[in-house]
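**Q** Sequence:
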Amino acid sequence: MIFFVGAGSGAPDLITVRGQNLLKKADRIIYAGSLVNPQLLEVAKPGCVIQDSASMTLEQVVSSMLECEREGGLCVRLHTGDPSIYGAIREQMDCLEQAGVEYEIVPGVSSLCGAAAALRAEYTLPGVSQAVIISRMAGRTPVPQGQEVKNLAKHGATMVLFLSAGLLRQTQAELLEGGYAPDTPAAIVYKATWPDEQVFRCTVGTLAQTAEKNHISKTALITVGGFLGKSYERSKLYDPAFTTGYRKGTEI
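When we follow my numbering, the leftmost residue of the sequence shown carries the number 3, and every step to the right adds one.
Heads up, some of the hints might be wrong.
[What the hints assert, rightly or not] Label pairs and their computed distance ranges (CB to CB):
#1 146 x 207: 40 to 46 Å
#2 239 x 47: 22 to 28 Å
#3 241 x 101: 27 to 33 Å
#4 250 x 168: 52 to 58 Å
[To be verified] In silico BS3-like pairs for lysine-lysine, Cα to Cα no more than 25 Å straight-line:
#5 220 x 238
#6 47 x 26
#7 250 x 238
#8 238 x 152
#9 156 x 250
Bear in mind the hints are in silico, worked out from the structure with no lab data behind them.
Backbone N, C-alpha and C define an ideal beta-carbon position, used for all residues, glycine too.
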């Protein structure tokens, strides 16, 4: 059996219980070495084959998974964060399906969540933003037409950008072109939940300057929007005057 497991956002104790149990049982672990905390591998049993996929191609990864399957072993494909966000798992799953091999997915804590925790922030604030746009800046790898940062910025929603820390001059320009004001709150979260986590609060107009000043060019999330500000509306959920299916509202 092959399991795609989310390793969590960095801290080794943020992997799920299910994911850690699978690591303990695995006969082979293929992990994304550029981003997965190597401490997670310390629970592997003696004799477990451990491979770093950072230097491997898709074909090599799939070949290794299929080899483990033929040997009757349990293979864990360990991805950073949650596999569903920039995990490149669809192509792996398609290959396994073509080979007639069963697999399962174990979700993980995304750095999207880790960054919010580091910021002590709520992405979806009443009266500010009820939508979160997860995207990235187009670089060597393009984005589909219409999904450029400047187009997504037109919504004025909370935005979290992955894989863009090395392109912040262009990112800043597109955010401004799309409609965010220069003084819109922003933050750069470097290695969320890792021991060397750092948070740099700034504005859309100072994103690139902030990154350059602090030597940030990779392994960071860019967060943008009014959710980082001070103004918001009280949630109706716990408003004593608001009636829900569990509580009768009362005027105060």
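**Q** Regarding residue 146 and residue 207, is the given constraint of 40 to 46 Å on their beta-carbon distance met?
**A** violated (28 Å)
**Q** Check whether the Cα positions of residue 238 and residue 152 lie no farther apart than 25 Å.
**A** Violated, at roughly 32 Å.
**Q** Checking one constraint from the list: CA of residue 220 to CA of residue 238, max 25 Å. Satisfied?
**A** Violated. Residue 220 to residue 238 sits at ~39 Å, over the 25 Å cutoff.
**Q** Quick check on a hinted range of 52 to 58 Å for residue 250 and residue 168, using CB atoms only.
**A** Holds: the Cβ-Cβ distance is about 54 Å, inside 52 to 58 Å.
**Q** Mind checking the hinted window 27 to 33 Å against the Cβ distance between residue 241 and residue 101?
**A** Given a distance of about 54 Å, which is not inside 27 to 33 Å, the answer is violated.
**Q** Taking 25 Å as the top limit, are the C-alpha atoms of residue 156 and residue 250 close enough?
**A** Status violated; Cα separation ~39 Å.
**Q** Within 22 to 28 Å: is that where the Cβ-Cβ distance between residue 239 and residue 47 falls?
**A** violated (45 Å)
**Q** Assess, step by step, whether the Cα of residue 250 is no farther than 25 Å from the Cα of residue 238, and give holds or violated.
**A** holds (13 Å)
**Q** Take the C-alpha atoms of residue 47 and residue 26, compute the straight-line distance between them, and say whether it is at most 25 Å.
**A** holds (6 Å)
Hint check: violations occur at hints 1, 2, 3, 5, 8 and 9; the rest are consistent with the structure.
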